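Model the full structure from these sequences, guided by the hints.
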Amino acid sequence: MEKLALSDEILMTIEKPARYIGGEINHVKKDLSQVDIRFAMCFPDVYEIGMSHLGIQILYDMLNKRADTWCERVYSPWVDLDRVMREQKIPLFALESQTPIKAFDFLGITLQYEMCYTNILQVLDLSGIPLWASERTEDDPIVIGGGPCTYNPEPIADFFDMFYIGEGEVVYDTLLDLYKECRKNVWDRAAFLREAAKIPGIYVPSLYNVGYHPDGTISNFTPKYEDIPQKITKQVVMDMSDATYPEKPLVPFIKVTQDRAVLEVMRGCIRGCRFCQAGMIYRPVRNRSLEDLKRYAVEIIENTGHEEISLSSLSSSDFTELPELLNFLIEEMGERKVNISLPSLRIDAFSLDVMSKVQDIRRTSLTFAPEAGTQKQRNVINKGLTEEDIIEGARQAFLGGWNKVKLYFMLSQPFETYDDIAGIADLSERIAEVYYDTVPKEERTGGPVSITASASFFVPKPFTPFQWAPMDTMESFQEKAHFVKDRFREQLNKKRLRFTYHSADVSLLEGILARGDRRLAPVILEVYKNGGIFDAWSEFYSHERWMKAFENHNLDPEFYLTRERAEDELFPWDFIDIGVTKRFLLEEWHRAKEGRMTPNCRMSCSGCGVAKWGGGVCIEAKN
Amino acid sequence: MKLRIKYAKTGRLKFIGHLDVMRYFQKAIRRAGLDVAYSQGFNPHQLITFAAPLGLGVTSEGEYFDGEFHSATTTEDMVNRLNAVMAEDMRVLDVRLLPDKAKTAMAVVSASDYLVSVRSGYYATETDRLFGHFQDFLEQKQIEIIKKTKKSEQLTDIRGMILEAHISAAQSFYMKLATGSIANLKPELVMEAYCNFLGISYDPFGFQVHRLETYMDGEQGELISLAAAGDILA
Ligand code: SF4
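Protein chains in written order, with the working numbering: chain A, 1 to 623; chain B, 1001 to 1234.
FYI, nobody ran anything at the bench for these hints, they're computed from the structure. Quantities reported herein were computed from a predicted structural model and do not represent experimental measurements. From the three backbone atoms N, C-alpha and C, an ideal C-beta is built for every residue, glycine too. Worth double-checking, as some hints may not be accurate.
[To be verified] Now the stretches of chain A that chain B is said to cover, found in silico as 3 or more residues with beta-carbon under 8 Å:
| no. | stretch |
| --- | --- |
| 1 | 17-23 |
| 2 | 241-255 |
| 3 | 294-306 |
[As the list claims (entries may be wrong)] A few chain A positions that, by computed beta-carbon distances, are all more than 12 Å from chain B:
| no. | residue |
| --- | --- |
| 4 | K65 |
| 5 | V170 |
| 6 | E181 |
| 7 | A191 |
| 8 | P214 |
| 9 | Q258 |
| 10 | S289 |
| 11 | E429 |
| 12 | T438 |
| 13 | S450 |
| 14 | T452 |
| 15 | Q491 |
| 16 | A504 |
| 17 | S604 |
As structure tokens, this is what we get:
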């Protein structure tokens, strides 16, 4: 066994030392003398969160399948170790080899949510890598970002050498081959970046100039050289059988957030909800084949020994072969004593039947995500779930023995009125009434019915029809939340209803960063320098620290939040081609205003633009 | 049928706590494809129970757990199958078939053997004193220490719980200590008491504790290893 990077004394005094020792089941070890490329894959949050992420497992497996590359992992050291590492000047290390990140060829950072931005700086800083990409030398690793936040990477663009926009399976090989080629000669970082920028999907921010209008909006976004592409095209795997699957996922020693095997059944979503970024950026919907999935399920369980398996996708109910898959899993996993944890399925006779087979009905609750309280508002957001669907689903569920219902809503949506939010309480009340109407008194055995509605603060995201929408203010959100709360108190069955809402300042920051531009980088840096890390953790988030930094840099948060954006505004993220056209998004914005629905991809194609890639749902036979 | 499995936990895995070791073996048994029995109900779990928990930071080559199985092959085959899916630093050493009426490992544990070594860099100037007076320390009729619980501090005599002890050949302290639900003594406490006796300060990082074996009472009241309660499957 090689030496651990941390001494016993440190490991014995910090929380959960197993976060830092590596050696997990199915980790990959390689002989350093036999590899050309060392890749450190980072999830900039604590180990238990990072280890739960399927995307990292996919990339880890994919990169390690290359004989010339060794991909290792690194996560954000928790605050206790962070302090020790700074005090004792211990460089951040990768788990597998326990050696410093600084010696790697690449540091890949996955960007899953905006609130991890200060943690990116933590990782760079502890690694001893200059925070600004422009200050890095020939000895520093190439810092590359990937994941959903790269669909507007601008607030953190100056901290990265490049971003990979799209699904990792497509051009990583090309990129690594190019790197190896460049390394054969005298290493010239700038020359490599310049060449890499020509690979589809690779965005090298330092090769672009951004100009601003006096009002702060962007006037132009132009490549510095002629051979650098104007637009970066998102990379997608069109045939999912080409997308490798990690048959031997890592199994952590300690309990992590998702302590189970995960089966990715499909990518993308046909629904087109107007608030949902994932629904747009992962178009078109692409299924994995049933045969592949059955094989993976068995392999993963045999190789990990997990006691639970779950399905992963944006909307599993839309997976065409779901009944076949679930029947297979129920049988196969039943024999192996492996639990099946179901993703939130659309509630209907089929899903209720499946749930009753795999879960203890009395203990689980039924989940609906109406998102809005009235049909009018659900039309605005294009949520194709009707009140009838919900009522009928609840009725069947109550008959089947369920008596707990959870409802998810968003407050402060575009074009929402007080009538719409009153609908949140009214709908909850109706569901309670359905219970009393359907279940006869003598059969109300499992305790009283309970309906829990919860509401979050809507944040407009890039590449959605709501990218033009102003975000609501905190005051207005609070007012609405109180109004809804009062409305709940007026209901007949108020004792059976519960309403909770998360009013976190953190939503505002998410709103700023989501639609931010390059001018935000110094703000993020200042917050970090003032001690900001783990902003995604409410116990460490300081809104004041952020607001002060905005002030110090003369930036108005409202510019990013509540400003009404003109329809012809050039957005910071417009240089990315996600396949879906801006024209389509704008049409959707208009239809939202008019409260008109748009059919989902399986009902009929709405011509969003992605069909040009000729794959997935766009070429499925349509009746 | 009841099987008793003996394993070693060394190296980096000393940083994995007891609960995680339990979860680890549940997954390992599944990976190895052993025919373990499960509880009934919606969330079936394996019917396995562990012997004496090991503190974080302590290594061992004498750990045990018992499991209810539907079938078994040979000791050799099961040891090999488990070791094929183990992490580095975790080794299965033995699998024994227990008599049907055997009590669980947890219930029968009565003693453990430990080897306590001084870590390099610690007590460098006090080595002679450290290894020169252990016998004097043990010859005391009473060894009183203050046992701290959440609520109170209590003066306890631990001498009776030190069943055997001496300096071992490898410049470390060997000790056989009472373990289990009736009487339980940790080697760290012995070392702390010994340091007090010597009048040198006790440094919790100064010693590496390693468990050698876990014992139960045999029929004549003698100590036998937990493995000895079962038979090799040939
Ligand atoms: S092109 Fe049509 S079918 Fe394809 S994703 Fe867009 S709307 Fe859906």
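Checked hints:
Interface restraint, the stretch 17-23 of chain A with chain B: holds (5 residues with C-beta to C-beta distance below 8 Å; minimum three). Restraint check on the stretch 241-255 of chain A versus chain B: 4 residues with Cβ-Cβ distances below 8 Å, three needed, restraint holds. With a threshold of 8 Å between beta carbons, the proposed coverage of the stretch 294-306 of chain A by chain B holds, since 6 of its residues qualify and at least three are required. With 12 Å as the threshold on Cβ separation, the claim that A:K65 sits away from chain B holds: the shortest Cβ distance comes to roughly 21 Å.
Non-interface call for A:V170 relative to chain B: holds, since the shortest CB-CB distance, roughly 32 Å, exceeds 12 Å. Separation of A:E181 from chain B is adequate, the least Cβ-Cβ distance of about 36 Å exceeding the 12 Å criterion. With 12 Å as the threshold on Cβ separation, the claim that A:A191 sits away from chain B holds: the shortest Cβ distance comes to roughly 41 Å. Every CB of chain B is more than 12 Å from the CB of A:P214 (nearest about 58 Å), matching its label as outside the interface.
Here A:Q258 stays apart from chain B, with its beta-carbon at least about 14 Å from theirs, past the 12 Å limit. With 12 Å as the threshold on Cβ separation, the claim that A:S289 sits away from chain B holds: the shortest Cβ distance comes to roughly 26 Å. With a cut of 12 Å on Cβ distances, A:E429 stays outside the contact zone with chain B, its closest approach being about 31 Å. Consistency note on A:T438: stated as away from chain B, and its beta-carbon is indeed over 12 Å from all of that chain's, at 25 Å minimum.
For A:S450, the requirement that its beta carbon stay farther than 12 Å from each beta carbon of chain B is met, with the minimum near 20 Å. No beta-carbon of chain B is positioned within 12 Å of the beta-carbon of A:T452; the least distance is around 22 Å. A:Q491, annotated as away from the interface, keeps every beta carbon of chain B farther than 12 Å; the closest lies near 33 Å. In this structure A:A504 is separated from chain B by more than 12 Å, as the shortest Cβ-Cβ distance comes to about 32 Å.
Listed as a non-interface residue, A:S604 keeps its Cβ farther than 12 Å from every Cβ of chain B; the least gap is roughly 41 Å.
Violated hints: none; the structure is consistent with every hint.
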